[in-house]
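Asks: Sequence:
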Amino acid sequence: MTTPASATTTVTFGVSGMTCASCATRIQNGLSKLPGVQAAVVNLATEKATVTTNRNETDMAALAKTVADLGYHVAEATVKLGLVGMTCANCAQKIERKLGSLPGVLSATVNFGTETALVRYVPGAVDAGAMKQAVADLGYEAFIKEDAGAGDAEKEARERELKHQWRLFLISAVLTVPLLVYMFGELLRLHPPMLFMNPWFQLALATPVQFYAGWQFYVDTWHNLKNRTANMSVLIALGTSAAYAYSLAVTLWGDRLGRSDVYYETGAVIITLIILGKYLEAVAKGRTSEAIKKLMGLQARTARVVRDGQEQDIPVEDVQVGDLVVVRPGEKVPVDGIIRAGRSAVDESMLTGESMPVEKKPGDEVIGATLNRHGSFTFQATKVGKDTALAQIIRVVEEAQTKKAPIQRLADVVSSYFVPAVILIAVLTFLGWYLATGDFTRALLYFTAVLVIACPCALGLATPTAIMVGTGLGAQSGILIRGGEHLEKACKLNTIVLDKTGTITRGEPAVTDVMRTPAGAIQWNLSADELLALAARAELRSEHPLAEAIVREARARNLPLADPQDFEAIPGRGVRAVLNGNEVWVGTAKLMAENRIDVEPVLAEKERLESEGKTAMIAAINGETVGLIAVADTVKEHSREAIAALQAMRIEVWMITGDNRRTAAAIAGQVSISPEHVLAEVLPEEKAAQVSRLKGQGRMVGMVGDGINDAPALAGADLGFAIGTGTDVAMEAAGITLMRGDLRGIVAAIRLSRQTMRKIKQNLFWALAYNALGIPIAALGYLAPALAGAAMAFSSVSVVTNSGLLKRFRPMGIFEP
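-10 is the number of the first residue of the sequence shown in this note's numbering; add one for each residue after it.
These are computed hints drawn from the structure, not numbers from a lab. Where hints are given, some of them may not hold.
Below, a list of computed lysine-lysine pairs in the DSBU-like style, where the Cα atoms sit at most 35 Å apart [unchecked claim]:
1. Lys69 x Lys83
2. Lys152 x Lys350
3. Lys22 x Lys69
4. Lys54 x Lys83
5. Lys579 x Lys595
6. Lys375 x Lys478
7. Lys22 x Lys375
8. Lys350 x Lys87
9. Lys321 x Lys375
10. Lys215 x Lys375
11. Lys215 x Lys152
12. Lys54 x Lys22
13. Lys481 x Lys750
14. Lys54 x Lys69
15. Lys478 x Lys372
16. Lys350 x Lys121
17. Lys83 x Lys121
18. Lys215 x Lys372
19. Lys83 x Lys372
20. Lys321 x Lys350
21. Lys121 x Lys478
22. Lys83 x Lys22
23. Lys152 x Lys69
24. Lys152 x Lys54
25. Lys22 x Lys750
26. Lys684 x Lys478
27. Lys83 x Lys152
28. Lys69 x Lys321
29. Lys372 x Lys350
30. Lys87 x Lys22
31. Lys684 x Lys481
32. Lys54 x Lys481
33. Lys87 x Lys121
34. Lys750 x Lys478
35. Lys481 x Lys152
36. Lys796 x Lys372
37. Lys22 x Lys321
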């Protein structure tokens, strides 16, 4: 039976302790086996798991326990809530059950006596705001009394892990240095102090390295073997244990075995270098997620609200929809809303990437986390908490970084078979050398080298780290990419279909021409402004978009407007009004003909304007034509530039519109779209069919629209681009949302996609080439185990660092001065 959508929930939480792609696969498989789990994705680079589950069958506690049973850890935080309104122990039990049922809550304990709740939860899966809302839904009130790390739990866990690995490295390094002195003394035939040559001294140094610093690899190996899987830790534990066990046997029974050579330094050096590599890798991975951290750090901490006639500063999470919020110069806008009083210029670059401040006045929208530059204003909160634009952006980026790109499937498949194959190769190497030479020591060393050199970490990190940087970089440039799949598709597009209205054009008609008829102008003595004012007064009560454009232009020119004495809207024709005793007509040639008004004086100009894609309306007074007013949906400022850039990238650009062919051709000509690439008179419901037709010709098609009327076409394309408005960022139909209404964002998105895929291919090439070359070299005896350990440790660091270099790329760079 299919689980109803309402009964499912999706949670994202941090997982620590993973070392390679095999770890991520193991956790993913373990979570997928739980009852009610419909989907589970674990991302090694972001160290996050996203699970969709039936909330009635598996809760967060079960997910966390599964992760722990597999040998990993889920980041936790604790928050203490103060409670108001409880009257008995039953109230406490009810709140406790409600809090405990929230996705992401591990445990909840409510104390009726102290009126507090102590909630242990997973950051990212739930937050304090959701807890307070859950309590409010029961009829009580909750407030934060003490927060033990809600927002910073993941950061603190990462920092603790870094400190722990650094401490282990220092201890391991100090103990390993004397062993290195012994090793180089042997290689270079030097004479180090005799103490360093003593096998018992070496045993004393190597044992803490092997079983204290290296204990993490044994623990992880145990969990792997218990779950019938294998990863990097298995290879390290096997290889170093073999060298240590052999050396220990020689130390204890060397005379009996007829051997005196020990290799304590092999395991110690390998463990030391790998711990150093893990530390550097963690540092580099932390840097790849800087974009999302910057976004999270943008939000204001407090808000100044007006309550009971008084201004008061409150935590931003306590702002409610409908609150009046005061913002002063230099302050951040705390939540989304609409200005009710005051004017200012607001820097929205964090949202759109546009550096120029935007003028704001009463009635305009403001967005949380944007920066108020100059004036002071009061706005009414419309979206708070998880509904704000910034929260939606962060959620989209986090989800994008969790989703896997198709190219990553190669790495996942290879990684799943890699470790067992390496163990087999190592065993064959040992047997081959031992049978060929009879030298057990040499065979053991080459066996160890093969195990250590062949780590799939770099392979597992190649794709997700680059996607993490690429999607974060896109968000900073106003390009929201919903996942690695869409990022990968963007670079393959060879055809872009642009909706005309609201995409190529501004989406709202504007007055382009005001032309008076010479005879009419003489008789009525009308200037161009007077003609416009006359038409605007006649259209003042009309709700038609063309009428609104005329009125808007008149007001922009500060022309005096007054209501007509009489008004009549004639559907599909125009309007009739009485102004100062004169009968005024504004509308189509058909309206004029029906009222026996001669349009011959303006007919030639009317046809010329319409050939340019404009709608020309005739104005007449008392039965005599006095002029023309042309209205058109004007092309956006950067549309031509963006289309030229797409064409320069060898991408075919098409335009689709419901307008007539003449208007469509005129707009296409303004932006240099070829006439044969214009799809005109296409109904909204037919757009998806046109996109499918182009796909049927073997094209990779990207569709660009406003995300609402064009949703079927956006969903039907290989990749949909939605033109966002800054606040409506959660556009489900599109794979990529451009938060400025600027087509140059498409060019930037494709450039970013190509650059990211270039990085991924570089990473995969070097990761595969490294293993393809390293394993045979080690198996043939040309690579010492210690050097194999160093190479393996730094291969992962190099892949993550290469992905980090993507941060230098500027997607909008070609359009910047």
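Asks: Compare the structure with the hints numbered earlier in the document and write down the numbers of the violated ones, lowest to highest.
Replies: Violated: hints 2, 8, 10, 18, 21, 27, 32, 35, 37.
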